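Q: Next come the chains, spelled out residue by residue.
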Amino acid sequence: MQYPDAARRAAIAAHRFGLGEATLANVRPDPLAWLLAQVGPAEPQLDLPGKPALPSSAEAVALQAEVVRRRRMAREVDAAASAPAAAVSQGNAGPPQVSLIPSGGGPGPARPLGPSDQPLRDALQADQRARLATAVRSPRPFAERLAMFWSNHFTVSTGKASMRGLAGSFEREAIRPHIAGRFETMLVASTTHAAMLRYLDNESSAGPRSRLATRLAQRQARQPEDAALASRRVGLNENLAREVLELHTLGAVSARQGVYTQADVTAFAKVLTGWRVVTPPAPGNPAQADSAAAPQGAFVPTRFDPAWHEPGAQTLLGQAFDDADDGSSLLAVLQHLAQHPATARFVCGQLARHFVADDPPPALVDRMVQAWQRSSGDLPTVYQALLNSPEAWAPEPQKLKTPEELAISSLRLLGGADALWARQPDAAIGQMGQRLQAAPSPAGWPDQAADWLGPEAVWKRVKWATRLADRAARTTDARALAPASLGPWLTEPTRLQIQRAADGPQALALLLLSPEFQRR
Amino acid sequence: MTTDRRSHRQAASPINAPRRRLLAAGLAAGAWPMLSLAATTTAARPDDPRFVFVILRGGMDGLSAVPAPGDPAFAAARGTLAEVPGSPALPLPGPLALHPALAQLHGLVLAGEVVVVHAAGLPYRERSHFDAQQVLESGGSRPYELTDGWLGRALRSSGVPGIGGLALGASVPLVLRGSEGVDSWAPSTLAEPPPDLLNRLQQLYGDDAALGQALQRARMLHGEPAAMTAGGGMAGGMTGGTTPPRATVALAQRAGEFLSQPSGPRVAVLDIGGWDTHAAQARILASQLSLLDDTLAALRQSLVAGGAWPHTVVVVATEFGRQVTINGTGGTDHGSGGAAFLLGGAVQGRPGGRVLADWPGLAETQRYEGRDLRITTDLRSVLRPLLAEHLKISTAALDRQVLPGSGGLARVQGELLRGGGGV
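From first to last, the protein sequence lines stand for chains A and B.
Per full-length UniProt numbering, the first sequence runs over residues 1 to 520.
Per full-length UniProt numbering, the second sequence runs over residues 1 to 423.
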């Protein structure tokens with residue numbers, strides 16, 4: 001396969017590997033260098049002025065805990081006599097007010113907070129707004145694309161309500177700093193992050209022979225009449241173990257090929273026990289706090305709790321992993337998984353599928369796998385192998401943009417789009433079928449055209465683009481924007497349709513909906 | 001900018017949205033909360049002038065809307081477009097007539113409430129929709145010479161106290177920009193994509209089977225006739241749909257209700273798209289003109305009901321006309337001279353009909369560049385007396401701000417307004 005000329009390579013760099021540029025001028029001299037220069041940790045997400053601050057995972061966990069506690073209190077009040085309940089509700093008249101617990105600050109006095117989860121909705125919106133604004137404005141769109149890819153690879157989803165505020169902090173803490181490091185580093189950061197431990201239920205997984213389970217069994221034996229005690233069950237939850245193997249490292253195909261079995265999943269789940277989300281002490285009521293919560297001012301939302309951990313060595317993928325009862329066995333297992341050849345093949349295939357083609361060329365994946373193995377999973381080395389492959393520069397658009405990619409790239413072209421995320425950041429993208437940070441399953445959003453080509457989804461794209469074009473045509477002339485942005489990627493039929501459009505908004509809508517802009 | 005696309009849509013900007021909701025709520029109670037104008041509307045009177053500008057986007061073929069069967073070159077040049085099968089054209093004075101789909105308008109013409117303007121156009125002579133619409137709305141002599149609109153500037157300069165404007169659509173079109181007293185209103189349901197755009201898109205997806213099929217299925221599911229996608233060889237893009245955007249009619253009626261409110265807006269702008277008829281023009285224009293006829297009738301009806309029609313001027317204009325001769329696909333390509341309409345209770349028509357045209361003739365040597373109906377009437381010379389007498393804009397303001405550079409244009413013949421202004 002021949003490399004296309006420099007002008008076409010600029011269009012490919014900007015659109016296939018980036019998020020679209022209004023002009024290719026910056027990209028044109030050396031498109032490959034333009035991309036490689038962007039490889040590095042993703043930039044911090046934009047904290048928009050006048051908007052709620054972006055929560056850290058510690059703040060999100062604390063906020064979730066406080067809302068849960070307040071809900072429980074409200075229920076208890078409801079359950080009590082009606083008169084006191086009315087008094088409480090009057091005391092809380094007006095919109096519930098709560099601010100995110102400031103980072104590094106200890107719990108203050110009890111704040112008035114009804115059972116409303118408005119603060120969590122605020123946190124969710126702050127996350128979504130930051131995600132869009134950062135991607136739309138970033139001078140390093142390839143880094144943003146990598147962050148989007150890895151966030152989707154290690155999916156945590158606000159489809160689970162307790163993830164609000166956590167999905168955003170997960171991307172900021174576990175993904176963005178690590179996109180240009182070694183895969184193993186990102187695997188450890190994501191697997192041990194509070195968001196992942198909560199999303200895939202590891203926070204409530206306990207070893208069957210853990211100290212906690214043992215103590216509980218002893219108490220139940222002593223007090224067989226205690227119904228509450230009898231109903232308490234602790235045990236193993238395999239969810240996180242299975243998804244790390246199936247989705248994050250070896251891939252489901254490895255299970256079908258017998259690379260790992262159910263016994264490996266169970267063993268890995270045992271290794272994972274004890275890795276928990278820590279809730280902060282309740283204000284004024286230390287008894288409700290997690291017994292091992294960190295001291296005030298240094299609240300860390302994740303820790304290894306040996307009481308929940310299944311003791312003893314585990315055998316995984318034919319290898320024995322000793323247990324020091326301090327959580328270190330997890331790190332050893334993750335290191336092993338990160339170096340496994342099946343992981344290299346699975347993850348490289350996912351990367352190639354994301355950037356290049358729904359059915360990635362095997363030769364391309366092979367070269368990426370070799371780069372991975374040569375460098376022990378050094379991600380920049382893998383990206384270089386991707387970008388240096390001729391298949392990556394196939395001259396015509398291959399992939400269909402996801403709704404999120406379409407929206408971001410449209411806004412990058414049109415500029416001045418703040419109004420879109422000022423109110424309901426995710427509304428438009430959600431209507432096109434992709435709710436921000438709310439993938440339907442731990443597998444993340446699908447990454448092939450067929451998944452986004454339903455008639456209704458395409459209809460919504462047309463409606464969305466038409467509406468955006470109506471507004472943006474005041475300041476943007478599609479006839480000039482199309483060649484500046486698409487360069488040689490602009491086909492003659494599209495150029496003519498834009499030229500002959502009935503008016504400016506229609507011309508802009510045709511540009512945004514053209515095959516070469518819908519694809520990349 | 002077809003009307004169906006704009007009119008169904010929510011007010012897009014956050015600034016407009018709360019106003020629109022208030023407006024929708026206020027409408028049920030019969031009130032018009034012109035918040036930005038509340039302080040200045042105290043002087044509003046029932047006989048204040050009303051002004052409506054209807055933009056026909058896409059370049060309406062003036063020779064189909066207002067054919068010239070009396071011109072010796074007409075029949076030969078127009079071919080199959082010369083006549084509408086089975087329907088006689090509606091007679092006008094001189095060589096002209098009206099398309100049979102404009103029957104209600106024709107009734108108003110005969111009743112003396114309409115002035116038909118022909119061989120009219122802008123100072124702009126090229127053939128780009130974009131640039132011509134910019135000139136039509138900005139009121140400049142060249143595209144992008146001015147960046148706000150003549151009607152917006154007129155609102156600012158008007159001698160009528162407390163005058164405010166309303167855009168019927170999601171956003172404020174260029175013509176109304178330049179004044180702070182402008183609102184926009186659109187029904188709250190989201191628009192379905194306009195048929196014209198869908199037809200062009202379907203062509204664009206000709207080589208992309210996956211996108212093309214998805215769009216075609218979506219159109220069928222949404223009741224869009226897919227038949228429009230046949231005949232992919234048509235040049236320049238097909239226009240119009242078999243489903244006329246009837247919502248425009250409802251929007252016009254609503255516009256009349258707003259304008260009739262005691263302290264409502266006095267100026268409104270309505271967009272109707274779908275006039276870019278490069279192919280199958282006879283069928284498309286029959287439907288488009290029928291829509292225009294119904295729209296204008298609905299606007300009049302609600303203004304009559306509200307008592308405002310006697311004080312109303314409506315200007316209907318398009319960015320340019322089309323070539324005199326029919327092209328190879330039963331349509332016409334972009335040309336310069338076209339037709340416009342002035343109507344309203346305040347307009348000085350004539351029983352039996354009034355035409356304002358310095359008719360240049362249609363023979364090839366009489367055409368502009370051998371192709372187009374020659375422009376002999378500058379639209380600005382029609383707008384000037386209307387703005388001066390109806391909206392009380394001083395000559396100095398007209399010359400310098402509202403329609404700069406139009407001071408030297410010849411006056412049109414005769415009064416355009418009843419009683420020298422109808423105010």
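Worth double-checking, as some hints may not be accurate.
[Claimed, not checked] What follows is a list of derived Cβ distance ranges for each label pair:
1) A/D5 x B/Y144: 30 to 38 angstroms
2) A/A79 x B/A210: 55 to 63 angstroms
3) B/G414 x A/A7: 58 to 66 angstroms
4) A/A33 x B/S141: 40 to 48 angstroms
5) B/E145 x A/A22: 43 to 51 angstroms
6) B/L221 x A/Q319: 41 to 49 angstroms
7) A/Q118 x B/A210: 41 to 49 angstroms
8) A/P395 x B/E145: 35 to 43 angstroms
9) A/P390 x B/A210: 22 to 30 angstroms
10) A/D325 x B/L221: 38 to 46 angstroms
11) B/P262 x A/Q448: 56 to 64 angstroms
12) A/S231 x B/G223: 51 to 59 angstroms
Derived by calculation from the structure, the hints in this document are not laboratory data.
Treat the numbers as computed from the prediction; the structure is a model and nothing was measured.
Cβ coordinates follow ideal geometry from the N, Cα and C atoms, glycine included.
Q: For each hint, tell me whether it holds in the structure or not.
A: We went through each hint and held it up to the structure:
1. Between A/D5 and B/Y144 the beta carbon distance is about 34 angstroms. The supplied range of 30 to 38 angstroms therefore holds.
2. At roughly 57 angstroms, the beta carbons of A/A79 and B/A210 sit within the given window of 55 to 63 angstroms.
3. Our hint of 58 to 66 angstroms for B/G414 and A/A7 holds, since their Cβ atoms are close to 59 angstroms apart.
4. Taking the beta carbon of each, A/A33 and B/S141 are about 47 angstroms apart, inside 40 to 48 angstroms as hinted.
5. For the pair B/E145 and A/A22, the supplied restraint of 43 to 51 angstroms is violated, since their beta-carbon distance comes to about 25 angstroms.
6. Separation of B/L221 from A/Q319 is about 54 angstroms and departs from the stated range, judged on CB atoms against 41 to 49 angstroms.
7. As the Cβ distance of A/Q118 to B/A210 is approximately 42 angstroms, the hint placing it in 41 to 49 angstroms holds.
8. The given range of 35 to 43 angstroms is respected by A/P395 and B/E145, whose C-beta atoms sit roughly 41 angstroms from each other.
9. About 25 angstroms separates the C-beta atoms of A/P390 and B/A210, a value consistent with the hinted range of 22 to 30 angstroms.
10. Here the CB-CB span from A/D325 to B/L221 is close to 60 angstroms, at odds with the stated 38 to 46 angstroms.
11. For the hinted restraint 56 to 64 angstroms between B/P262 and A/Q448, the CB-CB distance of approximately 60 angstroms keeps it satisfied.
12. Separation of A/S231 from B/G223 is about 56 angstroms and conforms to the stated range, judged on CB atoms against 51 to 59 angstroms.
Hints 5, 6, 10 from the earlier list are contradicted by this structure; the remaining hints agree with it.
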